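Residue numbers (this note's numbering), protein chains in the order written: chain A, 1 to 509; chain B, 1 to 345.
Treat the hints as calculated values from the structure; they're not laboratory data. Every value quoted in this text rests on a predicted model; they were computed, and no experiment measured them. Hints are supplied without guarantee of correctness; some may be wrong.
Distance ranges between label pairs, derived from CB positions [stated by the list, open to error]:
{"#": "1", "chain 1": "B", "residue 1": "Ala-41", "chain 2": "A", "residue 2": "Leu-181", "range": "52 to 58 Å"}
{"#": "2", "chain 1": "A", "residue 1": "Leu-4", "chain 2": "B", "residue 2": "Gln-85", "range": "41 to 47 Å"}
{"#": "3", "chain 1": "B", "residue 1": "Pro-149", "chain 2": "A", "residue 2": "Val-3", "range": "24 to 30 Å"}
{"#": "4", "chain 1": "A", "residue 1": "Ala-8", "chain 2": "B", "residue 2": "Thr-79", "range": "41 to 47 Å"}
{"#": "5", "chain 1": "A", "residue 1": "Ser-197", "chain 2": "B", "residue 2": "Glu-327", "range": "26 to 32 Å"}
{"#": "6", "chain 1": "B", "residue 1": "Asp-158", "chain 2": "A", "residue 2": "Thr-349", "range": "28 to 34 Å"}
{"#": "7", "chain 1": "B", "residue 1": "Gly-281", "chain 2": "A", "residue 2": "Gly-54", "range": "47 to 53 Å"}
{"#": "8", "chain 1": "A", "residue 1": "Thr-349", "chain 2": "B", "residue 2": "Lys-292", "range": "57 to 63 Å"}
{"#": "9", "chain 1": "B", "residue 1": "Arg-334", "chain 2": "A", "residue 2": "Asn-487", "range": "40 to 46 Å"}
{"#": "10", "chain 1": "B", "residue 1": "Gln-85", "chain 2": "A", "residue 2": "Phe-15", "range": "34 to 40 Å"}
Computed list of lysine to any residue pairs in SDA-like fashion (alpha-carbon distance at most 20 Å, straight line) [unchecked claim]:
{"#": "11", "chain 1": "B", "residue 1": "Lys-171", "chain 2": "A", "residue 2": "Ser-462"}
{"#": "12", "chain 1": "B", "residue 1": "Lys-195", "chain 2": "A", "residue 2": "Glu-458"}
{"#": "13", "chain 1": "B", "residue 1": "Lys-231", "chain 2": "A", "residue 2": "Ile-341"}
{"#": "14", "chain 1": "B", "residue 1": "Lys-304", "chain 2": "A", "residue 2": "Ser-462"}
{"#": "15", "chain 1": "B", "residue 1": "Lys-171", "chain 2": "A", "residue 2": "Ile-341"}
{"#": "16", "chain 1": "B", "residue 1": "Lys-171", "chain 2": "A", "residue 2": "Pro-186"}
We put the beta carbon where it would ideally sit given N, CA and C, even for glycine.
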Amino acid sequence: MDVLASLAQGFEVAFTPTNLLFVLIGVTLGQLIGALPGIGPSAGMALLLPVTFGLEPVTALVMLAGIMYGGMYGGTLTSVLVNVPGEAASVMTAVDGNQLARKGRAGQALAVAAIGSFIAGVGAVIALVFLTPALSAFALRFSAPEYFLLALLGITATASLGTGSPVKAMIGAVLGLMIALVGTDPIQGTERLTFGSLDLMEGIDFLPVAIGIFGIAEIFASMEEPQNMQPVKTRLKDMWLTAKDWAECRMAILRGGLIGFVIGLMPGAGPTVASLLAYVVEKKASRHPERFGHGALDGVAAAESANNSAAHGAMVPMLALGIPGSASTAVLLAALVLLGIRPGPMLLTEQADLVWGLIASMFIGNVILLIMNLPMAPLFASVLRIPYSYLVPGILIISLVGAYAVSLSLFNVGLTLAFGVIGYLMIRADIPRAPLVLAVVLAQLMETSLRQSLMLSEGSLSIFVERPLSAVLALLVIGSLALPVVNVLLARRAARRAGVDRLVSHSSD
Amino acid sequence: MTAVHARPILSHRLKHAALAALGIGVTVGLALAAAPAALHAQTAPTGPIEITTGTSPGGTPDVLMRRAAKILNEQKIITNPLVVQNRTGGSWMVAANFVLGRPGDKNIVLCIAQPILTTPITQGLPTIYDKLTPISMFIQGDLVLVVQPSSTVQNLKDLVALAGQRERSVKVAGAQSGSTDHMVAGLVEKAGKVKLNYVPFDGGGAAQAAFLGGNVEMMTLTPSEALPLVKSGKARIIAILASERRTDPELKDIPTAKEQGYDIVWGQAWGLAGPPGLDAGTVKFWDDAIAKLVANPEWQASLKENFLRSKMVPASEVKAHLAKLHEEHLALLRDLGLAKQPAVQ
Numbered sequence: 001m002d003v004l005a006s007l008a009q010g011f012e013v014a015f016t017p018t019n020l021l022f023v024l025i026g027v028t029l030g031q032l033i034g035a036l037p038g039i040g041p042s043a044g045m046a047l048l049l050p051v052t053f054g055l056e057p058v059t060a061l062v063m064l065a066g067i068m069y070g071g072m073y074g075g076t077l078t079s080v081l082v083n084v085p086g087e088a089a090s091v092m093t094a095v096d097g098n099q100l101a102r103k104g105r106a107g108q109a110l111a112v113a114a115i116g117s118f119i120a121g122v123g124a125v126i127a128l129v130f131l132t133p134a135l136s137a138f139a140l141r142f143s144a145p146e147y148f149l150l151a152l153l154g155i156t157a158t159a160s161l162g163t164g165s166p167v168k169a170m171i172g173a174v175l176g177l178m179i180a181l182v183g184t185d186p187i188q189g190t191e192r193l194t195f196g197s198l199d200l201m202e203g204i205d206f207l208p209v210a211i212g213i214f215g216i217a218e219i220f221a222s223m224e225e226p227q228n229m230q231p232v233k234t235r236l237k238d239m240w241l242t243a244k245d246w247a248e249c250r251m252a253i254l255r256g257g258l259i260g261f262v263i264g265l266m267p268g269a270g271p272t273v274a275s276l277l278a279y280v281v282e283k284k285a286s287r288h289p290e291r292f293g294h295g296a297l298d299g300v301a302a303a304e305s306a307n308n309s310a311a312h313g314a315m316v317p318m319l320a321l322g323i324p325g326s327a328s329t330a331v332l333l334a335a336l337v338l339l340g341i342r343p344g345p346m347l348l349t350e351q352a353d354l355v356w357g358l359i360a361s362m363f364i365g366n367v368i369l370l371i372m373n374l375p376m377a378p379l380f381a382s383v384l385r386i387p388y389s390y391l392v393p394g395i396l397i398i399s400l401v402g403a404y405a406v407s408l409s410l411f412n413v414g415l416t417l418a419f420g421v422i423g424y425l426m427i428r429a430d431i432p433r434a435p436l437v438l439a440v441v442l443a444q445l446m447e448t449s450l451r452q453s454l455m456l457s458e459g460s461l462s463i464f465v466e467r468p469l470s471a472v473l474a475l476l477v478i479g480s481l482a483l484p485v486v487n488v489l490l491a492r493r494a495a496r497r498a499g500v501d502r503l504v505s506h507s508s509d
Numbered sequence: 001m002t003a004v005h006a007r008p009i010l011s012h013r014l015k016h017a018a019l020a021a022l023g024i025g026v027t028v029g030l031a032l033a034a035a036p037a038a039l040h041a042q043t044a045p046t047g048p049i050e051i052t053t054g055t056s057p058g059g060t061p062d063v064l065m066r067r068a069a070k071i072l073n074e075q076k077i078i079t080n081p082l083v084v085q086n087r088t089g090g091s092w093m094v095a096a097n098f099v100l101g102r103p104g105d106k107n108i109v110l111c112i113a114q115p116i117l118t119t120p121i122t123q124g125l126p127t128i129y130d131k132l133t134p135i136s137m138f139i140q141g142d143l144v145l146v147v148q149p150s151s152t153v154q155n156l157k158d159l160v161a162l163a164g165q166r167e168r169s170v171k172v173a174g175a176q177s178g179s180t181d182h183m184v185a186g187l188v189e190k191a192g193k194v195k196l197n198y199v200p201f202d203g204g205g206a207a208q209a210a211f212l213g214g215n216v217e218m219m220t221l222t223p224s225e226a227l228p229l230v231k232s233g234k235a236r237i238i239a240i241l242a243s244e245r246r247t248d249p250e251l252k253d254i255p256t257a258k259e260q261g262y263d264i265v266w267g268q269a270w271g272l273a274g275p276p277g278l279d280a281g282t283v284k285f286w287d288d289a290i291a292k293l294v295a296n297p298e299w300q301a302s303l304k305e306n307f308l309r310s311k312m313v314p315a316s317e318v319k320a321h322l323a324k325l326h327e328e329h330l331a332l333l334r335d336l337g338l339a340k341q342p343a344v345q
């Protein structure tokens, strides 16, 4: 087969010692960069752009791509261990992963994240090999109306996050939407709610919100409860996955990987949306949805598989059309330009060696990352055996340096601390925090695409049902809103019937 | 992925007069470079030098500055390590203010791109370009208009006729409000006396996705973005917005808007400026370095690959050049209703 021949050729390119070395360097750096909050994979790749000068284009690309998906593995670490998401796509991992860590199951969470990322990553690369041209046409059918409905689906889905009432989750989401309103209006370009502050002109970045609301708030809350600050006492050998754990997560990985890849394809969505939707779908599909939010291993598996396959899926529009599907692929495109290669629809045919070498290197990179992460999971998890009082200063430093690194400004550090206080109040009020953080991420996509849709349709709402894909998404949104209501009604009726039954049985004796 | 693939690029209107001025500028510049010691002795800063940009990594100005830094260092034109730093936020205002806050600092320069001029205009902030110490504008690029390959529109006349049938019926995708794309759409509206439906997207990449998905009729692209699309049958170029036809074989058959009877001339330009009160010796150091860069065949070849040009507007000319650009942007943004009255200086 033609494709297989090209792939074999790609492996030939990827298996040269130099390229192997640079894949290893790339994924190791990605792992580190992903773990550090603040420096996301795209910023890390950009920092290393000058290093790639003078390298062969293919060598440079395999290294940079390694940082991209290596970051998806690395982001898990801080999310699980200290509840500070290393990058946006790890927010959902933090929700359940950190709960697992508190129960002494950090090792399992990290291991399942590594295995899930690996399976989903390799699956996504296989899809990339066989389906890139076909998928790129599919990706282009998504435009403003579809993105709006997708973001709306994400927001409604956050209602099912958290363990308390959906109303509280929606309060969190609305707070997030309000935070996202600050900044420059995406269509008119006018300022709103910035109070003349330049720092607020481009809005509030996601990272100060996430680091503050998750990581810093956790530290504040823990100061109230010194008795909870006992280190986790787990032996190394108890930190491996059991057969039961694995059985629980198999399907989660498959579902998460598939959802992640499809969403990663779309040039407007990204790993964050992918991991959120995968998590919510998993909660619906799971046999024990009540565990979600309290430490569900399959929740971690779904979210982590999804974000890694989404990172790979974003390569489809980049390779087939020259359109960046994410911040990271934008840097990859920039690297191509710097190396003197013009990206675009002809890339696949004109630079076959480069493209197939890159694709082959992603198989190799994922294997390296699995080897790196799986045996290390218990070791990393052992960090939690350090008493919390010693860990706190370290967490604070990593968090605040991360916030500073976002735009090299102290303003974001102050913002992070302020959101720490908000997060603490939310813990006290029992308002789930993930909806707020996710709403901040989704709000911009939702607002911009709604307004773009209405501009494209010259004001008519029919654009959301005329296009086949948006009609399907609209049905999903309506379904996700109606289902809980129907469930409540059904439960009531069942309760009433049970009540009647009981009455009947009472009367009979 | 905000602003990553945005095109925050400095556009300028090369009218005939402007072009003539530029030509003279280049000649004078070269003459000055030939007799440098006569005016100022150049003094090289010590230690690493930061080139501040306001885009995320991968944005056009970022890529250009990284490439310039690479060649300047590799060719030993500048031996101080050059570090490109992305200080994003506030549509370049964070980067600009960072440099404005370091008067006289010899170890920092700011990449000049369109938002340095336009953000103060659209946000009603005090102007920035006149507070910096200008060094040079040395990269220029052209723009082309593309339509869907299946479209009945073959040239600008067809486009204007189509848009004239019903107001806002022709949809145009582009980057953020106030961007180059938006200003070009405004110029088309003005020249054709029509009203377009401009839909801003989160950067040029997202706009291109919307165009390729067939959601809009037209968009503005750079030649290096447009040619691969044309080659694969995904777009048709109807006009280049340069003052005269390009001579490159790939571009020589594209008629200018002017030829087609519409006075739409708009391009892009990038350069460097130092912090306020930068000493003449350091300016001279940069002026000489950029003259050598512009003369470097590797640099010229790397720009040519992307259909960009590198003509130097030297330090002695650049102040007037920037002031002129500012006036042109202000006038156009006012026409588009996007200008807030600039604060009284």
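Inset, instruction - Confirm or reject the claim that B/Gln-85 and A/Phe-15 have a C-beta distance inside 34 to 40 Å. - result: 37 Å, holds
Inset, instruction - Could you grab the alpha-carbon distance between B/Lys-195 and A/Glu-458 and see if it respects the 20 Å cut-off? - result: Answer holds: B/Lys-195 to A/Glu-458 is near 13 Å, not above 20 Å.
Legend entry - Beta-carbon spacing of A/Ser-197 to B/Glu-327 - inside the hinted bounds 26 to 32 Å or not: 29 Å, holds
Inset, instruction - Could you grab the alpha-carbon distance between B/Lys-231 and A/Ile-341 and see if it respects the 20 Å cut-off? - result: 16 Å, holds
Legend entry - Verdict for A/Ala-8, B/Thr-79 (Cβ pair) under range 41 to 47 Å: Given range 41 to 47 Å: holds, Cβ gap about 46 Å.
Inset, instruction - Sort out whether A/Ser-462 lies within 20 Å of B/Lys-171, counting only the CA atoms. - result: 17 Å, holds
Inset, instruction - Evaluate the given range 57 to 63 Å for the C-beta pair formed by A/Thr-349 and B/Lys-292. - result: 38 Å, violated
Inset, instruction - For B/Asp-158 and A/Thr-349, compare the CB-CB distance with the range 28 to 34 Å and indicate the outcome. - result: For B/Asp-158 and A/Thr-349 the Cβ distance comes to about 32 Å; the hint holds.
Inset, instruction - Sort out whether A/Pro-186 lies within 20 Å of B/Lys-171, counting only the CA atoms. - result: Roughly 18 Å between the alpha carbons, so the hint for B/Lys-171 and A/Pro-186 holds.
Legend entry - Distance restraint evaluation - A/Leu-4, B/Gln-85, Cβ atoms, bounds 41 to 47 Å: Given a distance of about 45 Å, which is inside 41 to 47 Å, the answer is holds.
Inset, instruction - Kindly confirm whether 47 to 53 Å is satisfied by the beta carbon distance between B/Gly-281 and A/Gly-54. - result: With Cβ atoms ~32 Å apart, the hint is violated.
Legend entry - Whether the CB-CB distance between B/Pro-149 and A/Val-3 falls inside 24 to 30 Å: 27 Å, holds
Violated hints, in rising order: 7, 8, 9, 14 and 15; the structure is consistent with all others.
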